[in-house]
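Asks: Sequence:
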Amino acid sequence: DEKTGASLKLTILNPKGRIWLMVAGGGASVIYSDTVADLGGGPELANYGEYSGDPTADLTYSYASTIIKLMTREPHPDGKCLI
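So the sequence shown is numbered by the working numbering: it starts at 1 and just counts up by one.
The hints are simulated quantities; they were obtained by calculation from the structure and are not laboratory data. We put the beta carbon where it would ideally sit given N, CA and C, even for glycine. Watch out, some of these pointers could steer you wrong.
Derived lysine to aspartate or glutamate pairs resembling EDC-like cross-links, with alpha carbons at most 16 Å apart [claimed, not checked]:
1. 16 to 44
2. 3 to 54
3. 16 to 74
4. 3 to 78
5. 80 to 44
6. 9 to 44
7. 16 to 78
Label pairs and their computed distance ranges (CB to CB) [said to hold, decoys possible]:
8. 77 to 4: 16 to 24 Å
9. 82 to 34: 15 to 23 Å
10. 56 to 77: 32 to 40 Å
Could you build the full structure based on these sequences and the hints that come with them?
Replies: Structure below.
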């Protein structure tokens, strides 16, 4: 964060969860997470994270790759989704 001005945050809430989020901006990430919970998906919410501050394409690619690797570690019988 200090070197680029970009902010990349990722917290794993439920590594076996079905719903994974990749949302730009702190405000948007809160709204998306709250909406998933409000619609009953809270127990299936796998992560909380956000990227903001104009990260480079390489940083964004690395962030997305990390989420996808974590998401695909364990299969779920009902499948998973990335929003």
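Asks: Flag every earlier hint the structure violates by its number, smallest first.
Replies: Those not satisfied are hints 4, 6, 8.
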